[in-house]
Every structure is written in structure tokens, then in C-alpha cells.
Amino acid sequence: MDTVSMSSVPPAPFRHGCHANTSPYVPPPPPRRVVVALVQWTRPAPGWHKLNFDGSVHHDGSGRASIGGVIRDSYGRTVMAFGERTPHAGVGEVEARALIHGLHLALQNGCDRLVVEGDDLTLVRLLRGESPHTRIPWAMYNQILQLLSYFRDVVVQHVYREGNAVADALCHEAYRCSNLWTDHQLVPPAVRAKLEDDRRGVVHPRYRSA
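For the sequence shown, counting from 1, position 14 maps to 14 in the UniProt record's numbering; every step adds exactly one.
Calculated from the structure, these hints are not laboratory results. Yeah, the Cβ is synthetic: ideal placement off N, Cα and C, and Gly gets one too. Please note that the accuracy of each hint is not assured.
Claimed, not checked - No farther apart than 25 Å at their CA atoms in a straight line, the calculated lysine to aspartate or glutamate pairs in the DMTMM-like style are these: (1) K194 with D73; (2) K194 with D183; (3) K194 with E84; (4) K194 with E162; (5) K194 with D168.
Stated by the list, open to error - Quick list of simulated restraints, FRET-style, between CB atoms: (6) Q108 with G63: 25 to 33 Å; (7) D183 with R32: 45 to 53 Å; (8) V155 with R135: 19 to 27 Å; (9) Y25 with H58: 43 to 51 Å; (10) G201 with P137: 18 to 26 Å.
Construct all of the structure, not just a fragment, from the sequences and the given hints.
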């Protein structure tokens, strides 16, 4: 096989006005600015209880869905916690089921002043009268309003997912074993760790694009 040195290859002829790339230069987009918010669970005021609730829905064909919630006093102590499976449905409806179940438990435990906290902004805004948009049947909406009316004082407020970690952990625990807990020491270790984080006031970063 013959070899040719590069020095012996004649250069390609230069053609005036021809360029390898004739596309105009497009500068890259500026880097996206990330905003960090600090989120933490807060205790209710003395004489109040707080209900945190959450729902979980799998869209993988398994038909799995669950609800979870926890009621705590002004010292951050667990009054009652629950996690159980529920029939598959849309996320909004499953979240509402978790809230309804939690409200029933709060009433049964004599909680007459209650802070209701969840990370479903659509449901929270609906219950606060801030938006007519809903993802739940009106019968379910009216049931929630009726339950809320039984409390002497009630506040409904939104919390980011990072501040609702205990209810989220209870939803995941429900896939393993549905249960109702009335003792802090008896809840599953993963849930107890989240409860301790909240009690100690651990702050969680939340990242979002500006």
C-alpha cells in the first residue's frame, strides 16, 4: 500500500465568498436563574391542632393509590397518624379523601380549633374561596365544607411539599401496610424520622427557576 505524506498533498483551491458555515451566529440562551426558598413545618398556636394531609396516585397501570395524614398539637406531638390504601382516582380526589379522613379523626379526638395544611394548591384555594377551579366532585366539596363547619375555629392553608413530608411518608407507608397510629413511638421509622425533623424545626431548601 502506498503512503502519501501530508506535505505532498496540494491545498484545496480557495474560492472567494464561500464559507464552511453560512448560518448567522446565535448566542446561547442566558443561564436560568434558580431561586431557593426555605420551607419548614411550623407548630400550631397553643390550644390549636394541625392536620397535615396528602394523597399518592401511581399512573403505572398498577392501580395503586393511598392517603396519609397526621394530627399534631402545639408542642409538635403526634395525636394521631394514618396511612391507608384507597381506590385509584385522580390526584385531586385522592387528596380530598385524605382531608376528609383526617377531619373525621380530628373531630373524633375533640380538636375544636384546627389548622388544615396540604400541598394541593388547587384544593386549598378552592376551600379558601380564592378560586372556583376544582378537581373534585361537588358532593365531595360540600362534604368537606360541612366537616369544616363543625370546628369552633379552622384555618386552611397551603404548604409546599417539603413542609408536608410526614403526610407524604405516611402515604408511602400505606403501600406496605395500612394503619392508624396513636403513639409517636409506634409509627414506622421512616415516618418517625420526618416527625423528628419537623419537631426540631429542620429547614428544607426548595429550588425553582425564576
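Results of checking the hints against the structure:
The straight-line distance between the Cα atoms of K194 and D73 is roughly 16 Å, inside the 25 Å bound, and the hint therefore holds. A distance of roughly 15 Å separates the Cα atoms of K194 and D183; the hinted pair therefore holds under the 25 Å criterion. The straight-line distance between the Cα atoms of K194 and E84 is roughly 18 Å, inside the 25 Å bound, and the hint therefore holds. Restraint check: the Cα-Cα separation between K194 and E162 comes to about 11 Å, which is no more than 25 Å; the hinted pair holds.
Restraint check: the Cα-Cα separation between K194 and D168 comes to about 10 Å, which is no more than 25 Å; the hinted pair holds. A hinted range of 25 to 33 Å for the beta carbons of Q108 and G63 is consistent with their spacing of about 30 Å. Take D183 and R32: their Cβ atoms lie about 46 Å apart, and the range 45 to 53 Å holds. Between V155 and R135, the C-beta spacing of about 22 Å keeps the proposed range 19 to 27 Å intact.
Evaluation of the 43 to 51 Å hint for Y25 and H58 yields a pass: the beta carbon distance comes to about 47 Å. Against the hinted window of 18 to 26 Å, the Cβ-Cβ separation of G201 and P137 comes to about 38 Å, which falls outside the hint.
Figure legend: structure checked against the earlier numbered hints; the only hint not met is number 10.
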